[in-house]
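Undergrad: Input sequences plus hints: build the corresponding full structure.
First to last, the protein sequences are chains A and B. The C-terminal residue of the first sequence carries number 116 in the numbering used here, and the numbering is unbroken. The C-terminal residue of the second sequence carries number 256 in the numbering used here, and the numbering is unbroken.
One should not assume that every hint holds.
[What the hints assert, rightly or not] Derived SDA-like pairs: lysine to any residue, alpha-carbon spacing no greater than 20 Å straight-line:
| id | chain 1 | residue 1 | chain 2 | residue 2 |
| --- | --- | --- | --- | --- |
| 1 | B | LYS52 | B | CYS211 |
| 2 | B | LYS15 | A | ARG90 |
| 3 | B | LYS15 | A | GLN87 |
| 4 | B | LYS15 | A | GLU91 |
| 5 | B | LYS19 | B | GLU94 |
| 6 | A | LYS75 | B | THR210 |
| 7 | A | LYS75 | B | ARG209 |
| 8 | B | LYS19 | A | ARG90 |
It is worth saying that the hints were derived from the structure and are not from the lab.
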Amino acid sequence: MATKALETSVRRAGVVSVISLEGEIDGFAEEALNHAYTAAAAPDVTAVLLKFDRVDYINSTGIALIVGLLAQARKSGRRLLTSGLSQHYREIFQITRLSDFMQIYPDEATALAQNA
Amino acid sequence: MSVTPPNRDAGHWAKPIRKIKVTDVPAGAVNLNVDGQAVVSPLQGFGTLWQKTYQVRLPGVTLSAAEVMRIWRENFPRLQPAGNHFFPPAAGIEPGRVIFIDTTLPVFPGLPGLIPIAAGVVVIYEDDECFTVMTPAGFPECGWNTFSVQVEEGVPVAQVQSLARAADPIYEFGLYVMGGAQKQEGTWQAVLTALAAHFGVAGQVQMHRTCLDPRLQWAEAGNVWHNAALRTILYVLATPLRRLFPPRLKSGPRQP
Chain A
1 MATKALETSV RRAGVVSVIS LEGEIDGFAE EALNHAYTAA AAPDVTAVLL KFDRVDYINS
61 TGIALIVGLL AQARKSGRRL LTSGLSQHYR EIFQITRLSD FMQIYPDEAT ALAQNA
Chain B
1 MSVTPPNRDA GHWAKPIRKI KVTDVPAGAV NLNVDGQAVV SPLQGFGTLW QKTYQVRLPG
61 VTLSAAEVMR IWRENFPRLQ PAGNHFFPPA AGIEPGRVIF IDTTLPVFPG LPGLIPIAAG
121 VVVIYEDDEC FTVMTPAGFP ECGWNTFSVQ VEEGVPVAQV QSLARAADPI YEFGLYVMGG
181 AQKQEGTWQA VLTALAAHFG VAGQVQMHRT CLDPRLQWAE AGNVWHNAAL RTILYVLATP
241 LRRLFPPRLK SGPRQP
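TA: As structure tokens, this is what we get:
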């Protein structure tokens, strides 16, 4: 089956940086994810929102990359938020206990309304 | 009405685990410190958060990544160094199943392990080319290990990557003062060297450490109440009492 490398785009919404993710989050996504996070983590940003609406594959290496982002965010006092997780990915965030540390919102509008 | 197709990764992940329920204890394994515990991520632990990556290249091996992984899985217990016993489930390494571990922790860097620990890890992800295990509460570290194989420029590369931090202050002390980290790093280097030798390759293991979070999470210091090493020591010390007053069985049948 054809795979789709992760593509990211970053934009600002007040004090929140929004990273839109599209494709697969696996070991090959490391560079794209870290590059996007670096672009998103401006000094005045208090939270970074990861949008998963267009993510269709995450393996355990991909989850480890998200943990790495979460560690970076916590170290610098930022919150890491998520939106657009399907029920399947919500379960994965529960299994891996990521949901204990990341606020999960159904969509971007809700996330921004509560954090911007 | 449209139906959302299942994600391609759906069959590879374990179902959500609130508390580990052990249903299958392999021969020789001790079901201690696993059943009833919650699984814990690298974020739940106490100590410094490390990502450690160990790799060995297998030049001359013409098998696919999936074939190398299959052989690695089949020989997983046999490739462990002396004193480290892994007991995969009889049904194989599958999401949601427990791999039991029986090993020892050192008391001083460079010395053999002396402190017994019976524990286990849960397989949370598995596909043809990798699998990931996650630790239960009480395990020396909180986090997970991913075992994978990928082909780089025609050469299979086997990798172990851990993303974990010491579970509590006692384990942090044990890892970085008593030699636990050194033993752990030696273990995975020995495993990859043994794997390479299995394929007839004199493997040179490369290791990279990255500190992802140097902070100690004092809010998690209470994890010490689940400390599997302390519980195992108590279990061993209580052996005479259990012989006098037999408890309900918790271990699998002993191997001859």
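Undergrad: Against this structure, judge whether each hint is valid.
TA: Hints and how they fare:
Of the pairs offered as hints, the one joining LYS52/B and CYS211/B holds, with about 9 Å between alpha carbons and a cut-off of 20 Å not exceeded. With a CA separation close to 11 Å, the supplied pair LYS15/B and ARG90/A stays within the 20 Å bound. Annotation: proposed proximity of LYS15/B to GLN87/A holds, straight-line Cα distance about 12 Å (limit 20 Å). The straight-line distance between the Cα atoms of LYS15/B and GLU91/A is roughly 7 Å, inside the 20 Å bound, and the hint therefore holds.
In summary, the hint linking LYS19/B to GLU94/B is supported, as the alpha carbons are separated by about 17 Å, within the 20 Å threshold. Distance restraint check for LYS75/A and THR210/B: the Cα-Cα separation of roughly 15 Å lies within the 20 Å cut-off, and the hinted pair is therefore satisfied. For the proposed pair LYS75/A and ARG209/B, the alpha carbon gap of about 18 Å is at most 20 Å, so the pair holds. About 18 Å separates the Cα atoms of LYS19/B and ARG90/A, which keeps this hinted pair within 20 Å; it holds.
Violated hints: none; the structure is consistent with every hint.
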